[in-house]
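Novice: Make a model of the complete structure from these sequences and hints.
Chains as they are written, first to last, in my numbering: chain A, 13 to 254; chain B, 342 to 674; chain C, -2 to 433; chain D, 1414 to 1698.
Think of the hints as simulated: they come from the structure by calculation, not from any bench. Treat the hints with care, since some could be wrong.
[Stated by the list, open to error] List of simulated lysine-lysine pairs, BS3-like, C-alpha gap at most 30 angstroms:
#1 C:Lys290 to C:Lys267
#2 B:Lys432 to C:Lys148
#3 B:Lys461 to A:Lys65
#4 A:Lys167 to B:Lys432
#5 C:Lys411 to D:Lys1535
#6 A:Lys194 to B:Lys535
#7 D:Lys1542 to C:Lys290
#8 B:Lys432 to A:Lys126
#9 B:Lys535 to A:Lys99
#10 D:Lys1535 to C:Lys231
#11 B:Lys533 to A:Lys167
#12 D:Lys1600 to C:Lys290
#13 C:Lys321 to D:Lys1535
#14 D:Lys1593 to A:Lys99
#15 A:Lys165 to B:Lys533
#16 B:Lys535 to A:Lys165
#17 D:Lys1535 to C:Lys433
#18 A:Lys165 to B:Lys563
#19 C:Lys351 to C:Lys61
#20 C:Lys188 to C:Lys221
#21 C:Lys152 to B:Lys388
#22 B:Lys563 to A:Lys126
#23 C:Lys270 to D:Lys1593
#24 C:Lys82 to B:Lys388
#25 C:Lys60 to C:Lys358
#26 C:Lys433 to C:Lys188
#27 C:Lys231 to D:Lys1600
#28 D:Lys1542 to C:Lys270
#29 B:Lys461 to A:Lys126
#30 D:Lys1535 to C:Lys267
#31 C:Lys246 to D:Lys1593
#32 D:Lys1593 to B:Lys656
#33 D:Lys1535 to A:Lys99
#34 D:Lys1535 to C:Lys246
#35 D:Lys1600 to B:Lys461
#36 B:Lys535 to A:Lys76
#37 D:Lys1535 to C:Lys424
#38 C:Lys353 to C:Lys109
#39 C:Lys84 to C:Lys179
#40 D:Lys1542 to C:Lys267
Just so you know, these numbers come straight off a predicted model, no measurement behind them.
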Amino acid sequence: MMLEVKNLVKEFGGLVANADISFELQQGEVLGLIGPNGAGKSTLFNCIAGYYKPTGGQILFEGKEITGWPSHLVAREGIARTFQGMKIMANLTVGENVMIGAFCRTGDRRIALKEAGEILDLMGLDGETEAYPAELPIASQKRIELARAIATKPKLLMLDEMAAGLNPLETKEIIQILQRIKEQRQLTLFLTEHVMEFVMTVSQRVIVMSAGQKITEGPPAEVARQEKVIEAYLGERYAKGR
Amino acid sequence: MRQLLIDIFSFGDRPRFEKIGFLIFILIVFIFPWIVTSAYGRAVMIKFLLFALFGLGWNLIGGYGGQVDLGQAKNVGFGAYATALMIVWWKIPFWVTIPVGVFFAVLESFAVAYPMFRLKGHYFAIATLCVALVWKELFIFWDWTGGARGVEIPIRTGVDFAYMQFNSAIYYHYFILFLFLTQLLFMNWFRKSKMGYWVQAVRDNEEAAASLGINVTNTKVKAYCIAAALGAVGGSFMAVYYLYIDPDAVMPLDLSILIAMTVMVGGAGSIWGPIIGAAILIPLDMYLGAWLGAQKRLGIDFMIYAMIMMVIAAKEPRGIWGIIERVRKKRSR
Amino acid sequence: MGIKKLGISSFVVILSLLILLPNHSFAQKEVKIGVILPLSGPLAPIGKSLKDGAELAADIVNKKYPGIGIPIADWEGIPGLGGAKIKLVFSDSRGDPAWGAEQAKRLIEDEKVVGLLGAYQSAVTKTASVEAERAGIPFVNPDSTSPDLSKRGFKWFWRVTPHETWFTRDLFDFLDGLVAGKAPGVKAISKSELEPLAVAAENTEWGAASLTEIEKFAKERGWKIAEAFKYAHKATDLTSESRRLTGSKAPTFLFASYVSDAILLVKAMKEMKAAPRLIWGQNAGFIAPDFWKTLGGDVNGILSRDVFAAVLGKVKPEAERINKIYKERSGFDFDGSSARDFIGVQVWAHALDKAKSTDPKALQKALNELNIPGKELIMPWKGVKFGSPFPGDTNQNELGSGIIIQYQGYPDGKPEIVFPFEMATSKLIYPFPGWK
Amino acid sequence: MELTVQLLVYGILMGLVFALIALGLSLIFGVMNIVNFAHGEFMMVGMYIAYLLSTYLPLDPLLSLPFAAGAGYLLGIVSYRLLIHHILRGPMVAQLFGTFGLMLFLRYLAMYIFTPDVRSIKEGILVGKTLSMGWINVDASKVFSAGVCLLAFAVIYWMIYRTKLGRALRATSIDSEAAKYMGIDTKGMNALAWGIGGATVALAGALLAHFYYVTPTVGMLFTLIAFATVALGGFGSIVGAFIAGIVIGLIMVISGQFVSELKFSFIYIVYFLVVVFRPRGLFGW
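Specialist: This is the structure we're talking about:
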């Protein structure tokens, strides 16, 4: 078992953002997390990644309890993540950004440099090593974040809104890259997405959240048909449309 | 081992014009005392190297680390006092006193760093300023440090390498040059090391840094302590160079600010920034002061100095190095 | 935009090049003396007085001023050097010891001065005189009073002014004299009327030294001290310090303060209607023109130790004449600061005249053997002769002396001399009249 | 008892003046996140105006208050337009650096014009008058200054929280981007904050000149005290500046009574301890 979340609760001053969430994640699986805005997806992510201390419940990673651990220790344990709003080190070059990820596992600059080069190759960013992130388009910046996370050699990779702000073509490319890396590095993926299309193509299984609650889980195609999911998730969209 | 040496001495990753510039710079400082015979010119050069050294240390926390520390003078003070007091009390040779000064500076920085790094931005800047001023007042208050009367190191005649006292500025020149180069090479290694990258990652984005396995607080504390150590070395030099120190001379607010300013002017977060900054501010200050300082109407020298500071802050907040980088980028395109 | 920046940077480069080039001046025969003074920063007002005094002295040496009555006024340049003129090269110390040392280097080696004068603040004098000592160039110090300075055994350092130990002894001679009934116009006062003492000193090198000396002498002479403390100088507020003095109910207040603090202290004491019998200040702030200009009538009755007062003219006509010239030039009366640097330049003139050379060794010898009789000075001193008046002193003027002045009849009055009693120019106002 | 009452009174009176000095700094910070090193120099300008008007014109120094405030307002606006506006984009260090340059410039400009002489106002209705109440003797001008401080705080508080202009200022301080979209002239608001900041601190200077000396270098120490005050109260908080000013006045007077040499240390230590436990100051958000 890669990740186990048991009865996770997170409150912000009385406001319940995650209420009694439980789920499991198998080695090598691709799990999607979907739900409308404000459903508590990011909170759940942040609880696992150590940005928030859960109010209650347990998080186990490979059988080890990591509940409430600070994020750098969670990262060392083997959980890497990307951010919804991009958090790239703007004053460092693309290569250096990825190197910093690699330094998570090595103290040797040469090894880090080599690994960063390999990952950037994989990402199709090998020509931009010396560039500064701000000089590149959004899609490339997303890839830098991804590359940086992968450089920490994670077992579990958590992707927060990877496709936000990308056009369909770019999304497709990212999906290809992800699948390639997943194969190569035997990664387990946990991704949250506001846009359904992305999750549905990539995930083997999805969890649906609404108003802080987990309402259902199952294979994408199955889940998408469920009444309550359409109501909670798509309902919002239709409501907005009208 | 070989790798370490390469990391320390190699500037290979820098563009060619930087390497050439650096070589010319080294050449100039090496032959400087033989081409400039003016004592003031030599004194300016020594002070430039001293402030370039201070700048290198501050750059670690203020430039690479992005933490606006306005209290570096306290570390200079620790170094200076450790050296002066040990020489006066126990006649301990200079070289032994350097690690002691460094030790106290690091110890103090470590002790205040954890509470201090709970603060951010301006709160942090003012806290560093406060801590430094408290130390200054304590050194004035205490009798055992000589209080306000300061510490005077007895003059030794001739050339004395144990206590680093010389009757010629040339010795002091190579002495400070040695200390400066040591720190420059250290910084050259540091900026390429894991720690160096971590410090920069924390500066740019703390949350992202944490997600990459970096202990943010620890990294800041370490950077703060290393910067303190580097500052203390310069303080030790000041003690044997001026032979008299008092709290107003080695730990005033003005010194903290001047150190930060040199790095700012040169370009924070770049290895050449502190050197460029000191090369501009120190001669400017010293020549303007010597030239206009004793005029009937006072203050012109400071006004010119202030104007230059304001223009740089307004037009090029990334300092002179920012200008150089931009020009180069434009040309390479 | 680029051109602008280029302009600025090339301006800087050209500027530094211009200054780096040695400047040769082919003026007439002159002897350069480097003068380091606090000309900017908080002590700049005093620095200005010091500078004016030194400039006047150089002018008097260089030009004929008939009828003044001291030898240097009749000189036209230094006779022993064939009429060479004294040229003072001033340098701002910024009140910073490191800066002072660098300026000393510049003056010695680049300006090629034959010797140095200054530097007022004892901390700056310490570093600047180290440079002189190393270079083997005479440093004449007319204006720093820290006892430490003459205790270092330097061979190239001579101090003209009496130091703090000396002045503090004067203070206690004065207090004992009051008890013995020696003060003009005041009957013998019982010691209990003046005891205990309350002392406030600012916390720089000088204030700390003053406080130590006062405590030492009080113990020696058997005076009780109720409060003795140092306060943070350049204060934003000294109310509570004044309250502490007032609250101690001591009848005698002694101060060691620079001018801004002295003003605040007097204002705060006035505010609190403090009623001491005696207020004595240790020179510095208490004699600065800004002190009495600012406080006007509030200074009446305050005492300060000094080395010179304009009223000296009553007993020393030479001083009166010099004072007249000085007042024309600067608008103020000669005071202890200007007088001290005046005499500093005068000592230099005599030493150069005696040495008949600008060679350091000759000057060293001349200074060591210098003996200027009191009548050639404008100071109320027995003369200038370097020796060891207190244990541990080297090259300290033995023949100097201090006076204690009292402000009387301000805002239009003058400081009157009340000590030494035999030199008193007026009756002592006792007890302190209080503030209106 | 006597001692306690005296210290309390002196501390609070002094503290109110510190609070008024700090008010402008806090306001400026609240609106645009910038610390002004030249703050004490603005105060110095107010002091010189009071001094010049009362010495060279037959004006009572009290009448110079509006002129000082006006001059402070102008100085604030001019500094904003010529310098601050340009350095706002830069990193924090560059901002500190720019205002530090402004500080040096103003200080030495004053040195150039007025020489380093120490001056003070000699005549005025309140100058040098002492009020006696039982154990306590206080300078009448300090009492008056305290009154003006209270009034100034009331006016500024009313302005910020009760007027349309104040709402616009607050909107700018909370989110300047959003405020811009809502049609608020944020640049104008920034300039206004500098103007008000300059006016209040120059007013404080003119009041201070009644019982303090005037010299070009007077500003720095007050700047430091103002920094500690504002940071202690919480950057941008008006109530915070008020309370912290009084706290600092009291610390200063009490420590001055017992360990005068370390009195600034106590202020800094109290600041340090407060922010360590409340990293945004007493009233910061």
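Novice: Each hint needs a verdict: does it hold in this structure or not?
Specialist: Going through the hints against the structure:
1. C:Lys290 to C:Lys267: holds, 16 angstroms
2. B:Lys432 to C:Lys148: holds, 20 angstroms
3. B:Lys461 to A:Lys65: The given pair, whose Cα atoms are some 21 angstroms apart, holds under the 30 angstroms limit.
4. A:Lys167 to B:Lys432: At roughly 59 angstroms apart (the allowed maximum being 30 angstroms), Lys432 of chain B and Lys167 of chain A break the hint.
5. C:Lys411 to D:Lys1535: This hinted pair holds, its Cα atoms lying about 19 angstroms apart.
6. A:Lys194 to B:Lys535: holds, 27 angstroms
7. D:Lys1542 to C:Lys290: Holds, at about 19 angstroms.
8. B:Lys432 to A:Lys126: violated, 52 angstroms
9. B:Lys535 to A:Lys99: holds, 20 angstroms
10. D:Lys1535 to C:Lys231: holds, 21 angstroms
11. B:Lys533 to A:Lys167: holds, 27 angstroms
12. D:Lys1600 to C:Lys290: Violated: Lys1600 of chain D and Lys290 of chain C sit about 45 angstroms apart, past 30 angstroms.
13. C:Lys321 to D:Lys1535: holds, 27 angstroms
14. D:Lys1593 to A:Lys99: This hinted pair holds, its Cα atoms lying about 25 angstroms apart.
15. A:Lys165 to B:Lys533: holds, 21 angstroms
16. B:Lys535 to A:Lys165: Status holds; Cα separation ~16 angstroms.
17. D:Lys1535 to C:Lys433: Between Lys1535 of chain D and Lys433 of chain C the Cα gap is close to 14 angstroms, so the pair holds against 30 angstroms.
18. A:Lys165 to B:Lys563: Answer holds: Lys165 of chain A to Lys563 of chain B is near 25 angstroms, not above 30 angstroms.
19. C:Lys351 to C:Lys61: It holds: about 19 angstroms lies between the C-alpha atoms, which stays within 30 angstroms.
20. C:Lys188 to C:Lys221: Given pair Lys188 of chain C, Lys221 of chain C holds - Cα atoms ~10 angstroms apart, limit 30 angstroms.
21. C:Lys152 to B:Lys388: holds, 27 angstroms
22. B:Lys563 to A:Lys126: holds, 27 angstroms
23. C:Lys270 to D:Lys1593: Answer violated: Lys270 of chain C to Lys1593 of chain D is near 57 angstroms, above 30 angstroms.
24. C:Lys82 to B:Lys388: Violated, at about 34 angstroms.
25. C:Lys60 to C:Lys358: Holds, because 28 angstroms separates the two Cα atoms, which is no more than 30 angstroms.
26. C:Lys433 to C:Lys188: holds, 27 angstroms
27. C:Lys231 to D:Lys1600: violated, 38 angstroms
28. D:Lys1542 to C:Lys270: holds, 11 angstroms
29. B:Lys461 to A:Lys126: Violated - the C-alpha atoms of Lys126 of chain A and Lys461 of chain B are around 35 angstroms apart, more than 30 angstroms.
30. D:Lys1535 to C:Lys267: OK: Lys1535 of chain D and Lys267 of chain C at ~14 angstroms, within 30 angstroms.
31. C:Lys246 to D:Lys1593: violated, 63 angstroms
32. D:Lys1593 to B:Lys656: holds, 24 angstroms
33. D:Lys1535 to A:Lys99: This hinted pair is violated, its Cα atoms lying about 61 angstroms apart.
34. D:Lys1535 to C:Lys246: Holds, at about 29 angstroms.
35. D:Lys1600 to B:Lys461: The given pair, whose Cα atoms are some 26 angstroms apart, holds under the 30 angstroms limit.
36. B:Lys535 to A:Lys76: holds, 28 angstroms
37. D:Lys1535 to C:Lys424: Measuring from Cα to Cα gives roughly 28 angstroms; hence the hint holds.
38. C:Lys353 to C:Lys109: Given that 30 angstroms is the threshold and the Cα spacing comes to 18 angstroms, the pair holds.
39. C:Lys84 to C:Lys179: Roughly 45 angstroms separates the two Cα atoms, so the pair is violated.
40. D:Lys1542 to C:Lys267: holds, 9 angstroms
Taken one by one, the earlier hints fail for this structure at numbers 4, 8, 12, 23, 24, 27, 29, 31, 33 and 39, listed in ascending order.
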